[in-house]
Amino acid sequence: MSSRAEILAAVRKNQPSSPAPLPDTQKFWHEVDDVYAQFNIILSGIGGKVLEIKNWEAGQEYLKEHFNGRIVSTLEGFEPLPESDPHALADVELCVLQAQFAVAENGAIWITNSALRQRAAAFIPQHLAVLLKKSDIVPTMHHAYARIGSADYDFGVFIAGPSKTADIEQSLVLGAHGPRTMTVLVLNE
Amino acid sequence: MTKTLAQHPDLADRFNRDENRVDWHDQTLWWVRQKRDRAAHTLETDWEALRQAASDIKDNVLANLADYLEQFERAAQANGAIVHWATDAAEHNRIVLGLLQSVGATRMIKSKSMLTEECDLNDFLAQNGIEVIDTDLGERIIQLAEEGPSHIVMPCIHKKKEEISDLFHEHLGTEAGNADPQYLTEAARGHLRDKFLTRKAALTGVNFAIAETGEFVVCTNEGNADMGAHLADIHIACMGMEKIIPQRAHLGVFLRLLARSATGQPITTYSSHFRRPAAGKALHIVIVDNGRSRQLGREEFRNSLKCIRCGACMNTCPVYRRSGGHSYHNAVGGPIGAILAPNLDMHQFADLPYASTLCGSCSNVCPVKINIHEQLYLWRQELTRSGHATQGKKAAMGLAAWVLSNPRIYRLAGKMGRWAMRNLPFSINNRFNPWYKQRELPAPPKASFREWYLKNRVK
Amino acid sequence: MKVGLFIPCYVDQFYPQVGIATLELLEKLGCEVGFPLQQTCCGQPMANSGFSHLSSGCDENFVQNFRDFDYIVGPSGSCVLHIKEHLHSQAAPAEADQMRLRVYELCEFLIDVLKVATLSARFPQRVGLHQSCHGQRGLFLSSMSERMEPGFSKPGQLLGMVQDLDLVELTRGDECCGFGGTFSVMEEAVSVKMGKDRLADHLKNQVEVITGADMSCLMHLEGILRRQNSPVKIKHIAEILNAN
Ligand code: SF4
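Protein chains in written order, with our numbering: chain L, 1 to 189; chain R, 1001 to 1459; chain X, 2001 to 2244.
These aren't lab readings, by the way, just hints derived from the structure by calculation. Cβ atoms here follow ideal geometry from the backbone N, Cα and C, with glycine treated the same way. Keep in mind that the hints are not guaranteed to be accurate.
Here's a subset of chain R near chain X, in silico, CB distances under 7 Å, partners left out [what the hints assert, rightly or not]:
#: 1; residue: 1027
#: 2; residue: 1099
#: 3; residue: 1318
#: 4; residue: 1319
#: 5; residue: 1323
#: 6; residue: 1364
#: 7; residue: 1381
#: 8; residue: 1435
#: 9; residue: 1440
#: 10; residue: 1445
#: 11; residue: 1448
#: 12; residue: 1452
#: 13; residue: 1453
What follows is a list of derived Cβ distance ranges for each label pair [said to hold, decoys possible]:
#: 14; chain 1: L; residue 1: 29; chain 2: X; residue 2: 2229; range: 25 to 35 Å
#: 15; chain 1: R; residue 1: 1178; chain 2: L; residue 2: 188; range: 44 to 54 Å
#: 16; chain 1: L; residue 1: 18; chain 2: R; residue 2: 1074; range: 16 to 26 Å
Just chain L, same shape as in the assembly (with noise of 0.2 Å):
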C-alpha cells in the first residue's frame, strides 16, 4: 500500500464521526466608523508610515526626495520593476507597488502576483513603498476574504508594515531580512 493510500486509510479509521457543522462567521462583520483612522493608528503602531497624498505626482514626489538608490516600480515615474530573475533586485533601495486594498484591523495591504510582477519585489528591497486607494480600506479580515472571494491568483500576501524580529530577548527590531520600512501612501479620490 502506498502511504498515501496507508495514511488516508488510517484517517478514515480514525476520525470522528460526528457532523461538526462549520460556524457562522457573520456575527463578526462589525462595520467600522472611520476605517482610513484605524488603519492609520494601527500601521503606525506595528512600525508603518501612513501618508495622505493627493496625488500619485505629489507621492512620486515625497518618495523621490525620501529614498536614494535605486527605485523600481510597477507605476510609472520610475524604473520599471523587471520581469526577469528575482536576483536582479538585490540591489533595488525602494520598491513601489500599488495594493489592492487593505484592513483597518491589523494595518496590513494586500497584494498579489499580478500587482507584484515579482514575487521577490515586496521582499528584497531595503525598503517598501505601497500605494493605495482611501476607499480600499476594509475593516477587518472577514471583509477582507470576503474581498478575495475565490480570486484566482498564484502568489497572494498581506503586509502589516516592515520586516521585523524580537528574537532577541523580545527586543523589537525593525528590518529583518526584508524591507526595513514600509511607507503606505494613501490616495484620497
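Fit chains R and X with the ligand to the supplied structure of chain L, relying on the hints for placement.
Showing chains R and X with the ligand alone in chain L's frame:
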C-alpha cells in the same frame, strides 16, 4: 535536537539553579502573555466567540480530514504543485533528501517549521551531506549554538543577548561584547542575505492549507520564508496533515487569532498565500502523518490536533516559564508539547503530563480552545492504564487509596502521629521528603477537626 | 436547609480551625449543618496522579456519607471541583450524579445559594487574596485574566463585606502558586519557585495576611513563608469571614 533521557523534574531543577535567570525567563514570557491579553482585548467580546469559531472549524476538519486531504491534494496538483505523503518522520526526511538530490542541491535554506524539528530533518540532511541554514533569526541562533528550539514561536527565548553576542562574534565576526539587538540583527541580516541570494532550494513550513483552493499560507514577521522561497528554484513546503482548513474564508478567523495569541501583534508582518509555483520553478508539498492519525483515533486526545502552534499556552504556563523549553526534552515543549509527546512515545515522555499543576491557564488562552489541562489529567490516567507508572508509585497509590477509602483506618492513621504528615498521598514519590527541602509542613494540631467536633458538638 | 459539611482529609488533619470557622459561619448564616463522621477524602490525590481507578472506594464512601443533605459544602475549591467532575458510584450511580450538582465550595455557596449580602465580620488587616486555580478556573469563583469577560470575584465580594479589611490588588492577580498536589514534591524545584514568586507579589504589596478559598495552596505558601521566617500570616477565607 538531541534527545535526552533526563526527565522534566531533573531538567527543571537544573534550570532553577540560576534563580535570576528563571526570573528573567519568567518575566520575558509573561510580558508576551500580557501583549497577548492586550491584543485580545482589542476585539473585546468577539474574542471568545472567535475562539469558538476556530475550534468549530477545526472540529469540522478532524471529522472530515480524509476528504479534505484528498480535496487539497487535487486542488494543489491542479495548481501545479507536486504532493508527497509521508507516514512518519523517516519517510518525510527521505522525501526531502530525494527532492534535493533530484535537483542536485547540496545546500538548502529553511524557514521555521516545527514539523522538521519534530522529524530531526537537519541532522538527517547533514548526515547526507546537505548543508542546511535556518533563516529565522532565532533558529539561526540556536543552530549556531547547536541547540534545539526552546519555544515554538520564539526558538531562542532562553538565550540572553550577551550569549548571542558571543556566538555571533565567534561565527559571524561581530564585535566582541556588542550585545545590542539592533546591531546583532543587522549582522544576521547581512549574513543571511548572502545565503538567500545563493541557495537554489528552500524549505518552509505551512501554517494553514486550504482544501478548497490547494493553496497554503505561511506566516512570518521576518520575511524569511518569502526571501527563501522566491529566490530559490525549488520550494519544498512540509506540513503536518492537521494543518488543513476547509475554505479560504476561514483564514479570516485564524489569522485574526494567530498573531494576537502568539505575540500580541494584530497580524504577522507577512501572511503569504502560495498557490502556484512561479514560472520555471518547482513547488512541492509534503504531507506528514507521523503519529497524527493515531492521535486522531484517541478520542480523549484528538483535540490536540487542532493546535495552530501559536505558543500562547507556553507563555502563560507558570511551569514552562520557570522550567524552560528544554526541560520538556521534545521539539514541542510546554503544555501542548506535554499532550502531543506521549502520543509519539509514551515511555520516553511519561513525565510530561505531570509537569503541570493543572491550573488551566493554557486552556483559557488557547485560540482553538483545546482542553489542554484536561488532557494532561487524562494522559496521566492513560499512562497508568498502559503500564507506564513506576512500581513504587503504584504501591504508594494503592496504599493511599486503601487508607483513604476506609474511614476507620484513615482516622487511626491520622491519630498515629498524624499519619498524613509523613505519608500524605502527595509524597508518594521515592525521593527523600522533597517537601521539606524549601518548605515547612503545617504544625500538627492536637486534635483533628473530627475529634474537635465529637468533643464539642456531639452530645 | 440541611447542609452537609465536607471537610477534606488534610483540613481535618492539619487545619481543624478552618473546619470550625466554616461550621460556625454556616450556622451564623442560618444553615442547619451536619458533619458526617465517616468521611475521609475526595479521591483527588489518586486521580490527579493517574490512578483515578483507585478512587472508587473514596467515591462510595463520599456518597454514603452525604446522601441525606440538600447541599454539600466544603472549604476547598480543589476537592469540591474533583467531586463535581469525577464523583461516580457503582452502588448508586444516579445518586452520585445528582450529588455532583449539590456540592459547593464555601464562597460559591454563600454567594450563589445563600445570596449573602452582608456579614458581621471585622478583620482590620491588609489582606492579599490568592485565587486558587481549581476554584477560579474550574468552579468559576472569579473571572480569569486570560478571558475577555466582565470582572467578578466571589471571594473578593465576600471579603468586601468584612469591616476594616484592606484588600490589596496584586500584580499578577491569578497566577498559580505551584502546589498542584503531587506536583509539589515531584516537581519540587518549580513548585517552590512558583510559590516564592506568588509570595513575592503579596509581599511587594505589603500584605499582612494571605487568604484564599483553598487550604492546600495556602499550606504550600505557608510552608515557604515559615521557612523564610516571614511575619506574614496565612488564613483561610472562612476564618476571616467568621472573624469578629
Ligand atoms: S495548544 Fe493552543 S495555545 Fe498552545 S500552541 Fe497550540 S493553539 Fe496555541
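Going down the list of hints, with the structure as the test:
The closest approach between the C-beta of residue 1027(R) and any C-beta of chain X is roughly 10 Å, which is over the 7 Å cut-off, so the hint fails. Hint status for residue 1099(R): violated, given a least beta-carbon distance of 42 Å to chain X, over 7 Å. The restraint placing residue 1318(R) at the interface with chain X holds, with a minimum CB-CB distance near 5 Å, inside the 7 Å limit. With a least beta-carbon distance of about 5 Å to chain X, the hint placing residue 1319(R) at the interface is held under the 7 Å criterion.
Annotation: interface hint on residue 1323(R) holds; nearest CB of chain X at approximately 5 Å, less than 7 Å. Look at residue 1364(R): its Cβ gets to within about 4 Å of chain X, closer than 7 Å, so that hint holds up. Residue-level restraint check for residue 1381(R) holds (minimum Cβ-Cβ distance to chain X is 5 Å; threshold 7 Å). Checking residue 1435(R) against chain X by beta carbon gives a least distance of about 5 Å; that is within 7 Å, so the hint holds.
Contact between residue 1440(R) and chain X, as hinted, is supported at the beta carbon level, the nearest pair being about 4 Å apart and thus within 7 Å. The interface hint given for residue 1445(R) is met, as the beta carbon of that residue sits about 5 Å from the closest beta carbon of chain X, less than 7 Å. Hint status for residue 1448(R): holds, given a least beta-carbon distance of 5 Å to chain X, under 7 Å. Taken as an interface hint, residue 1452(R) checks out: its beta carbon lies about 5 Å from the nearest beta carbon of chain X, inside 7 Å.
Nearest Cβ of chain X to the Cβ of residue 1453(R): about 5 Å, under the 7 Å cut. The hint holds. In this structure, residue 29(L) and residue 2229(X) break the distance hint of 25 to 35 Å, their C-beta atoms being roughly 60 Å apart. The hinted range of 44 to 54 Å is satisfied by residue 1178(R) and residue 188(L), whose Cβ atoms lie roughly 45 Å apart. Distance hint for residue 18(L) and residue 1074(R): a CB-CB separation of about 25 Å, consistent with the stated range 16 to 26 Å.
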